[in-house]
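There are 2 protein chains.
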Amino acid sequence: MEDDAKKELIEYNDKEFNCSLAFALHLIGDKYKSLIIYHLKDGAQRSGELQKSITDLSNRMFTYSIRALEKDNLVKRTVYPVTPPKVEYELTEEGKSLIPIVLELNKWGQDFASKHHLYAP
Amino acid sequence: MEDDAKKELIEYNDKEFNCSLAFALHLIGDKYKSLIIYHLKDGAQRSGELQKSITDLSNRMFTYSIRALEKDNLVKRTVYPVTPPKVEYELTEEGKSLIPIVLELNKWGQDFASKHHLYAP
DNA sequence: CGGTATCCCCTACGATACTG
DNA sequence: CAGTATCGTAGGGGATACCG
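First to last, the sequence lines map onto chains H and X.
Take the first sequence: its position 97, counted from the start at 1, is 97 in the working numbering, and no numbers get skipped.
Take the second sequence: its position 81, counted from the start at 1, is 81 in the working numbering, and no numbers get skipped.
Accuracy of the hints is not assured; some may be wrong.
Computed spacing ranges between beta-carbons, pair by pair [to be verified]:
#1 H/Thr78 with X/Lys41: 39 to 45 Å
#2 X/Glu88 with H/Arg46: 48 to 54 Å
#3 H/Tyr12 with X/Ala44: 31 to 37 Å
#4 X/Tyr119 with H/Lys41: 51 to 57 Å
#5 X/Ala120 with H/Glu70: 32 to 38 Å
#6 X/Pro85 with H/Ala44: 30 to 36 Å
#7 X/Pro81 with H/Asn73: 30 to 36 Å
#8 H/Thr55 with X/Ala44: 37 to 43 Å
#9 X/Ala120 with H/Arg46: 38 to 44 Å
#10 X/Lys115 with H/Asn59: 42 to 48 Å
Cut-off 30 Å, straight-line C-alpha distance, at most; resulting in silico cross-link-like pairs (BS3-like, lysine-lysine) [said to hold, decoys possible]:
#11 X/Lys41 with X/Lys86
#12 H/Lys71 with H/Lys107
#13 H/Lys31 with X/Lys115
#14 H/Lys15 with X/Lys115
#15 X/Lys115 with H/Lys71
#16 H/Lys96 with X/Lys107
#17 X/Lys31 with X/Lys107
#18 H/Lys115 with X/Lys76
#19 X/Lys115 with H/Lys107
#20 X/Lys31 with X/Lys15
#21 X/Lys76 with X/Lys115
#22 X/Lys52 with X/Lys71
Hints were generated in silico from the structure; no laboratory data involved.
Backbone N, C-alpha and C define an ideal beta-carbon position, used for all residues, glycine too.
Start from the sequences, fold in the hints, and give me the full structure.
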């Protein structure tokens with residue numbers, strides 16, 4: 001029973017999760033969060049660079065996603081008091097613990113796309 | 001570059017994905033799909049049992065999610081022509097390849113919840 | 001028992017414009 | 001350069017009722 005799915009209730013920010021898997025997906029499951037984590041895997045990145053590195057990531061959704069990751073203590077934000085402003089983001093230790101999972105999921109997606117010949121010419 | 005994120009375009013069901021990670025999340029990232037995969041990890045299950053095993057899973061969302069998984073060739077559906085009707089679901093080989101990832105993600109969620117003392121008494 | 005159909009809501013997400 | 005504000009949309013998701 002130890003490593004089985006816990007049925008115990010998880011409470012987080014006034015929300016409830018019946019399963020740790022559902023909870024994990026809440027933290028990183030939406031469209032851009034895991035992409036951000038992926039792109040931060042090799043170290044801190046400047047805000048603009050990070051945003052540009054992710055295709056189709058609008059400024060609005062970037063802010064939205066990175067703020068959520070920050071709140072959840074997966075990403076750390078550092079502001080340098082210079083002009084023009086400079087902001088860097090990097091993974092926290094807890095955020096880094098997600099890297100292997102994200103890498104695996106990415107690889108799985110690659111394999112699936114290759115097997116089914118989904119890559120456009 | 002081999003195991004890096006491919007920038008190549010993935011086309012799937014009239015949708016486009018710029019990253020294999022985003023694509024993978026499209027396949028299993030929403031609220032219940034990964035939970036279904038998790039609960040099928042030990043073998044085939046009868047429809048009703050499977051549905052009941054997942055807390056808060058409505059009949060409607062169960063059908064919706066399992067149909068999508070079926071279309072994506074991650075789950076196989078077997079109908080037994082008896083009365084009353086009996087239907088079983090099981091992971092395909094491709095679906096099984098997701099088990100380790102889902103297990104890891106589940107464990108990660110457990111660890112996070114434990115560290116932050118999120119488990120309700 | 002297993003599944004579909006309808007109605008409706010909420011929110012993740014997009015586009016655009018604007019501030020320090 | 002970094003971020004916020006506002007408006008608008010699509011679809012994931014809940015509740016309920018109904019078929020073979």
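Outcome of the hint check:
{"no.": "1", "hint": "H/Thr78 with X/Lys41: 39 to 45 Å", "in the structure": "holds (40 Å)"}
{"no.": "2", "hint": "X/Glu88 with H/Arg46: 48 to 54 Å", "in the structure": "holds (52 Å)"}
{"no.": "3", "hint": "H/Tyr12 with X/Ala44: 31 to 37 Å", "in the structure": "holds (33 Å)"}
{"no.": "4", "hint": "X/Tyr119 with H/Lys41: 51 to 57 Å", "in the structure": "violated (29 Å)"}
{"no.": "5", "hint": "X/Ala120 with H/Glu70: 32 to 38 Å", "in the structure": "violated (25 Å)"}
{"no.": "6", "hint": "X/Pro85 with H/Ala44: 30 to 36 Å", "in the structure": "violated (57 Å)"}
{"no.": "7", "hint": "X/Pro81 with H/Asn73: 30 to 36 Å", "in the structure": "violated (53 Å)"}
{"no.": "8", "hint": "H/Thr55 with X/Ala44: 37 to 43 Å", "in the structure": "holds (39 Å)"}
{"no.": "9", "hint": "X/Ala120 with H/Arg46: 38 to 44 Å", "in the structure": "holds (40 Å)"}
{"no.": "10", "hint": "X/Lys115 with H/Asn59: 42 to 48 Å", "in the structure": "violated (32 Å)"}
{"no.": "11", "hint": "X/Lys41 with X/Lys86", "in the structure": "holds (20 Å)"}
{"no.": "12", "hint": "H/Lys71 with H/Lys107", "in the structure": "holds (28 Å)"}
{"no.": "13", "hint": "H/Lys31 with X/Lys115", "in the structure": "holds (26 Å)"}
{"no.": "14", "hint": "H/Lys15 with X/Lys115", "in the structure": "holds (17 Å)"}
{"no.": "15", "hint": "X/Lys115 with H/Lys71", "in the structure": "holds (15 Å)"}
{"no.": "16", "hint": "H/Lys96 with X/Lys107", "in the structure": "holds (15 Å)"}
{"no.": "17", "hint": "X/Lys31 with X/Lys107", "in the structure": "holds (17 Å)"}
{"no.": "18", "hint": "H/Lys115 with X/Lys76", "in the structure": "holds (18 Å)"}
{"no.": "19", "hint": "X/Lys115 with H/Lys107", "in the structure": "holds (28 Å)"}
{"no.": "20", "hint": "X/Lys31 with X/Lys15", "in the structure": "holds (20 Å)"}
{"no.": "21", "hint": "X/Lys76 with X/Lys115", "in the structure": "violated (37 Å)"}
{"no.": "22", "hint": "X/Lys52 with X/Lys71", "in the structure": "holds (22 Å)"}
Checked against the numbered hints given earlier, this structure breaks hints 4, 5, 6, 7, 10, 21; the rest are met.
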